[in-house]
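Undergrad: Each protein sequence line maps, in turn, to chains D and W.
Take any residue in the first sequence, count from 1 to its spot, add 2: that is its number in my numbering.
Take any residue in the second sequence, count from 1 to its spot, add 5: that is its number in my numbering.
No wet-lab data here; the hints were simulated from the structure.
There could be a bad hint or two in this list.
What the hints assert, rightly or not - Heads up, simulated BS3-like pairs for lysine-lysine below, C-alpha to C-alpha not over 25 Å straight-line:
{"#": "1", "chain 1": "D", "residue 1": "K51", "chain 2": "W", "residue 2": "K6"}
{"#": "2", "chain 1": "D", "residue 1": "K51", "chain 2": "W", "residue 2": "K62"}
{"#": "3", "chain 1": "D", "residue 1": "K51", "chain 2": "D", "residue 2": "K71"}
{"#": "4", "chain 1": "D", "residue 1": "K71", "chain 2": "D", "residue 2": "K60"}
Claimed, not checked - Chain W residues, not near chain D, derived (Cβ > 10 Å throughout):
{"#": "5", "residue": "K6"}
{"#": "6", "residue": "I17"}
{"#": "7", "residue": "Q22"}
{"#": "8", "residue": "T25"}
{"#": "9", "residue": "S27"}
{"#": "10", "residue": "E57"}
{"#": "11", "residue": "R72"}
{"#": "12", "residue": "S75"}
{"#": "13", "residue": "N76"}
{"#": "14", "residue": "R78"}
{"#": "15", "residue": "S84"}
{"#": "16", "residue": "L88"}
{"#": "17", "residue": "S91"}
{"#": "18", "residue": "V118"}
C-beta: ideal position from N, C-alpha, C; glycine also.
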Amino acid sequence: AQSVTQLDSQVPVFEEAPVELRCNYSSSVSVYLFWYVQYPNQGLQLLLKYLSGSTLVKGINGFEAEFNKSQTSFHLRKPSVHISDTAEYFCAVSDRGGGTSYGKLTFGQGTILTVHP
Amino acid sequence: KAGVTQTPRYLIKTRGQQVTLSCSPISGHRSVSWYQQTPGQGLQFLFEYFSETQRNKGNFPGRFSGRQFSNSRSEMNVSTLELGDSALYLCASSLAGGDWDEQFFGPGTRLTVL
Numbered sequence: 003a004q005s006v007t008q009l010d011s012q013v014p015v016f017e018e019a020p021v022e023l024r025c026n027y028s029s030s031v032s033v034y035l036f037w038y039v040q041y042p043n044q045g046l047q048l049l050l051k052y053l054s055g056s057t058l059v060k061g062i063n064g065f066e067a068e069f070n071k072s073q074t075s076f077h078l079r080k081p082s083v084h085i086s087d088t089a090e091y092f093c094a095v096s097d098r099g100g101g102t103s104y105g106k107l108t109f110g111q112g113t114i115l116t117v118h119p
Numbered sequence: 006k007a008g009v010t011q012t013p014r015y016l017i018k019t020r021g022q023q024v025t026l027s028c029s030p031i032s033g034h035r036s037v038s039w040y041q042q043t044p045g046q047g048l049q050f051l052f053e054y055f056s057e058t059q060r061n062k063g064n065f066p067g068r069f070s071g072r073q074f075s076n077s078r079s080e081m082n083v084s085t086l087e088l089g090d091s092a093l094y095l096c097a098s099s100l101a102g103g104d105w106d107e108q109f110f111g112p113g114t115r116l117t118v119l
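With these hints in hand, go ahead and build the complete structure from the sequences.
TA: Take a look at the structure:
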């Protein structure tokens, strides 16, 4: 069974400050990792994903994340946030291979990022 | 390219009724997944369909069902509605539903059960 833990339910930050949203996962098999963003009254949009290769992954809107296998973490970072980054962010995993993973993402509880002017 | 569309966007029902939600995937996508989003339980996987077949299912009671048509459009049905079924229901489409596939989400259907 998989589980995803987002360590902070809310993160307030001032505009142009750096931010890190933390995500840890637990799984008995190898996983693929994703970060999604959800703006109010909208669906989820993919920010970035880790499939293989370099552990530092760059995504849209200046976000990046680092996969740490030993710590089973996939933290999301942005060096300088904008007001428009205010949204809820979700970390998600899918199992590598096997029928149990078809179309299934397991999500964390979400982190609400609020950027203050 | 048009995104994933869901209809209706908002729905109000009473306990005991049933409801059908619709999802049209991105053109060319053959996999459709459904999720329930609530403040308490977060985002939970309901089921996935590919080529009109359910390939994967989450831990939801049998009151929750779905189907997929030959054009990949999908519907989900909830029978005998309960107050706890109030949620945002999201569908997501992908090319083939593989574990590496990016899922593209629709805006959701907000269901309120009174």
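Undergrad: Please go over all the hints and tell whether each is borne out by the structure.
TA: Right, here's what the structure says about each hint:
| no. | hint | result |
| --- | --- | --- |
| 1 | D:K51 to W:K6 | 22 Å, holds |
| 2 | D:K51 to W:K62 | 23 Å, holds |
| 3 | D:K51 to D:K71 | 15 Å, holds |
| 4 | D:K71 to D:K60 | 17 Å, holds |
| 5 | K6 | 15 Å, holds |
| 6 | I17 | 17 Å, holds |
| 7 | Q22 | 24 Å, holds |
| 8 | T25 | 19 Å, holds |
| 9 | S27 | 15 Å, holds |
| 10 | E57 | 14 Å, holds |
| 11 | R72 | 15 Å, holds |
| 12 | S75 | 18 Å, holds |
| 13 | N76 | 18 Å, holds |
| 14 | R78 | 15 Å, holds |
| 15 | S84 | 23 Å, holds |
| 16 | L88 | 22 Å, holds |
| 17 | S91 | 16 Å, holds |
| 18 | V118 | 20 Å, holds |
The structure meets every hint from the earlier list without exception.
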